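Enquirer: Generate the whole structure from the sequences, applying the supplied hints.
There are 2 protein chains.
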Amino acid sequence: MQDTLISTTVVITPAQLLEHWQGHRRVTRRVIEAFPEEQLFQYSIGGMRPFSELALELIRLTFIGSHGTATGEWKDLEELYTGDTNPATKAGLLKFWDDATGYLNEQWAQIKPGRWQETDAALGQYEGPVYSSSLYWLDNENHHRGQGYVYLRSLGIEPPFFWDRG
Amino acid sequence: MQDTLISTTVVITPAQLLEHWQGHRRVTRRVIEAFPEEQLFQYSIGGMRPFSELALELIRLTFIGSHGTATGEWKDLEELYTGDTNPATKAGLLKFWDDATGYLNEQWAQIKPGRWQETDAALGQYEGPVYSSSLYWLDNENHHRGQGYVYLRSLGIEPPFFWDRG
Numbered sequence: 067m068q069d070t071l072i073s074t075t076v077v078i079t080p081a082q083l084l085e086h087w088q089g090h091r092r093v094t095r096r097v098i099e100a101f102p103e104e105q106l107f108q109y110s111i112g113g114m115r116p117f118s119e120l121a122l123e124l125i126r127l128t129f130i131g132s133h134g135t136a137t138g139e140w141k142d143l144e145e146l147y148t149g150d151t152n153p154a155t156k157a158g159l160l161k162f163w164d165d166a167t168g169y170l171n172e173q174w175a176q177i178k179p180g181r182w183q184e185t186d187a188a189l190g191q192y193e194g195p196v197y198s199s200s201l202y203w204l205d206n207e208n209h210h211r212g213q214g215y216v217y218l219r220s221l222g223i224e225p226p227f228f229w230d231r232g
Numbered sequence: 067m068q069d070t071l072i073s074t075t076v077v078i079t080p081a082q083l084l085e086h087w088q089g090h091r092r093v094t095r096r097v098i099e100a101f102p103e104e105q106l107f108q109y110s111i112g113g114m115r116p117f118s119e120l121a122l123e124l125i126r127l128t129f130i131g132s133h134g135t136a137t138g139e140w141k142d143l144e145e146l147y148t149g150d151t152n153p154a155t156k157a158g159l160l161k162f163w164d165d166a167t168g169y170l171n172e173q174w175a176q177i178k179p180g181r182w183q184e185t186d187a188a189l190g191q192y193e194g195p196v197y198s199s200s201l202y203w204l205d206n207e208n209h210h211r212g213q214g215y216v217y218l219r220s221l222g223i224e225p226p227f228f229w230d231r232g
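Residue numbers (the working numbering), protein chains in the order written: chain U, 67 to 232; chain R, 67 to 232.
Mixed in with the good hints there might be a few duds.
Identical copies look the same in the list; a pair holds intra-copy or inter-copy alike.
[Claimed, not checked] Restricting the straight-line Cα-Cα distance to at most 25 Å, the calculated cross-link-like pairs of lysine to any residue (SDA-like) are:
| hint | residue 1 | residue 2 |
| --- | --- | --- |
| 1 | LYS141 | PHE228 |
| 2 | LYS156 | GLY112 |
| 3 | LYS178 | THR79 |
| 4 | LYS178 | GLN82 |
| 5 | LYS141 | GLU104 |
| 6 | LYS178 | PRO195 |
| 7 | LYS141 | TRP229 |
| 8 | LYS178 | THR151 |
| 9 | LYS178 | HIS86 |
| 10 | LYS178 | SER198 |
| 11 | LYS141 | ARG126 |
| 12 | LYS161 | GLU119 |
| 13 | LYS178 | ALA81 |
| 14 | LYS178 | VAL76 |
| 15 | LYS161 | TYR109 |
| 16 | LYS156 | TYR169 |
The hints are simulated quantities; they were obtained by calculation from the structure and are not laboratory data.
From a predicted model like this one, the values you see are computed outputs, not experimental measurements.
Expert: Right, dumping it as structure tokens:
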């Protein structure tokens, strides 16, 4: 029985982790919206990428990561999404973002309960437990969105509240 | 049996979540180290706080958060730590950081398995499930450390690798 007792310690359920990530994604979407169109695609500090490029990385990882978590197959973005994967307008970026939101929900529903503790090579190359890859994408989003906050502040623009995930 | 099967879905264990957070804390420690002493305490962009203040917030939340998670008591930092809580040197800040590392390990070991899904008012005021508070502190660290990366890049200093948690 001891094994059973240990294994039933639930820190977080898959549904809670999805909602946690989607809550962060709602904040990141508001950061995209907060940028003026030109600065979204051009403004940077210290030679870093503009926020549009950071957001495109996040979207790409949402598609590839959620599909890979659900299926164990690590495909290229273009195999998973037939829309514009390199939008040059804020409206186009937000559409891509919103399509990733629905895709993430759909893929998450396909993830088998035992999958999280399996070992896999995420994106075909980063070997580790599956839960750690999902946390990596979440952490990476917090990391880059925090950078977007500095861009906005340096432009004199108030970022959205970090704590408001609604 | 259906309930049992659902409840035994383990996304992440408490020990894995601790190691995940401590891995991030090792990266944040390297960010503190990467700042020149003066810039650590004075440099900012867009009216934001210098990185020393962001790091002090992270340390404070590590002490109060881990103790509160373990005990349900939300104490002031000074009740939990008798050392210098407002160091004015990099060496002092790193000592405070390292003391928080040991404290976090000690408190984590006291957290009861059923605690994560309980509801509590974190820091005495933020009502929600306990797991979500712990993720908040981890997310907050990624958020602020990402900002530290921009500070470093704008100073012409290469930040540590985000993906190296060793």
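Enquirer: State for each hint whether it applies.
Expert: How the hints compare with the structure:
| no. | hint | in the structure |
| --- | --- | --- |
| 1 | LYS141 with PHE228 | between (32 Å within a copy, 24 Å between copies) |
| 2 | LYS156 with GLY112 | both (23 Å within a copy, 23 Å between copies) |
| 3 | LYS178 with THR79 | both (12 Å within a copy, 17 Å between copies) |
| 4 | LYS178 with GLN82 | both (15 Å within a copy, 20 Å between copies) |
| 5 | LYS141 with GLU104 | neither (32 Å within a copy, 46 Å between copies) |
| 6 | LYS178 with PRO195 | both (14 Å within a copy, 24 Å between copies) |
| 7 | LYS141 with TRP229 | between (33 Å within a copy, 21 Å between copies) |
| 8 | LYS178 with THR151 | neither (28 Å within a copy, 46 Å between copies) |
| 9 | LYS178 with HIS86 | both (19 Å within a copy, 22 Å between copies) |
| 10 | LYS178 with SER198 | both (16 Å within a copy, 23 Å between copies) |
| 11 | LYS141 with ARG126 | within (11 Å within a copy, 42 Å between copies) |
| 12 | LYS161 with GLU119 | within (15 Å within a copy, 37 Å between copies) |
| 13 | LYS178 with ALA81 | both (12 Å within a copy, 22 Å between copies) |
| 14 | LYS178 with VAL76 | both (16 Å within a copy, 11 Å between copies) |
| 15 | LYS161 with TYR109 | within (21 Å within a copy, 37 Å between copies) |
| 16 | LYS156 with TYR169 | within (20 Å within a copy, 45 Å between copies) |
Violated hints, listed in ascending order, are 5 and 8; each of the other numbered hints is respected by the structure.
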